[in-house]
Amino acid sequence: DTGVSQNPRHKITKRGQNVTFRCDPISEHNRLYWYRQTLGQGPEFLTYFQNEAQLEKSRLLSDRFSAERPKGSFSTLEIQRTEQGDSAMYLCASRRPGEVQEAFFGQGTRLTVV
Amino acid sequence: EDQVTQSPEALRLQEGESSSLNCSYTVSGLRGLFWYRQDPGKGPEFLFTLYSAGEEKEKERLKATLTKKESFLHITAPKPEDSATYLCAVQSGGGADGLTFGKGTHLIIQP
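The listed protein sequences derive, respectively, from chains P and B.
Residue numbering for the first sequence follows this note's numbering, beginning at -5 and increasing consecutively.
Residue numbering for the second sequence follows this note's numbering, beginning at 23 and increasing consecutively.
Calculated from the structure, these hints are not laboratory results.
Backbone N, C-alpha and C define an ideal beta-carbon position, used for all residues, glycine too.
Keep in mind that the hints are not guaranteed to be accurate.
Stated by the list, open to error - When the alpha-carbon atoms are kept at most 30 Å apart in a straight line, the in silico DSBU-like pairs for lysine-lysine are as follows:
id, chain 1, residue 1, chain 2, residue 2
1, B, Lys81, B, Lys64
2, B, Lys125, P, Lys5
3, P, Lys5, B, Lys79
4, B, Lys91, B, Lys81
5, B, Lys125, B, Lys91
6, P, Lys65, B, Lys64
7, B, Lys125, P, Lys51
Claimed, not checked - Just so you have them, the derived chain B footprint on chain P, three or more residues with Cβ under 8 Å:
id, segment
8, 10 to 24
9, 42 to 53
10, 97 to 107
Given only the sequences and the hints, what does the whole structure look like? Please build it.
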């Protein structure tokens, strides 16, 4: 069990640029989640995948955000035309199939939009 | 809409001074309540899952309990390494699969 891996750990970008983050889940976990966390707040749910299917999107996920999980393995989260309000920690989590199972988080990608 | 409220927002204790953190929740059918620990600049680390009222779980100096409206994380004789932000989250039966988190309790244990 190597844990959930996220890359890059830090990203600084200029406003208006596009950025892409990658998440590699724990290998036997078929569910993968993206969350966003800002300073002093708990993580907020963005979207989740069961295998390669994106099953749920939060209202927080504007049309500038897109997530993919080709072949049900790693996932990418892209933000187009970044805004300063996008600055946050982006967290990925994965879990085993089943009604209620604990999710394991990666170390996150810290995005700063300048 | 699911809601999770944690209190206090911050808590400073002396080493060895036991206390409890509170997590109040409102959900449409609780499927599970989760406690996580988060260190600065890192992702949340899983601690416990509680499924039904009356359930308790323990791990080292931590004990989590659950009622129909709230959960407590009891910390017994804490050490400085227990300093972290403790997050509570719920998974509801309303069809949504993502977790709803509280804002967390920032715990500082002074030597």
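Structure-based check of each hint:
no., hint, result
1, B:Lys81 to B:Lys64, "21 Å, holds"
2, B:Lys125 to P:Lys5, "24 Å, holds"
3, P:Lys5 to B:Lys79, "38 Å, violated"
4, B:Lys91 to B:Lys81, "23 Å, holds"
5, B:Lys125 to B:Lys91, "17 Å, holds"
6, P:Lys65 to B:Lys64, "28 Å, holds"
7, B:Lys125 to P:Lys51, "21 Å, holds"
8, 10 to 24, "violated (count 0)"
9, 42 to 53, "holds (count 4)"
10, 97 to 107, "holds (count 7)"
The structure does not agree with the numbered hints 3 and 8 stated previously, though it agrees with the rest.
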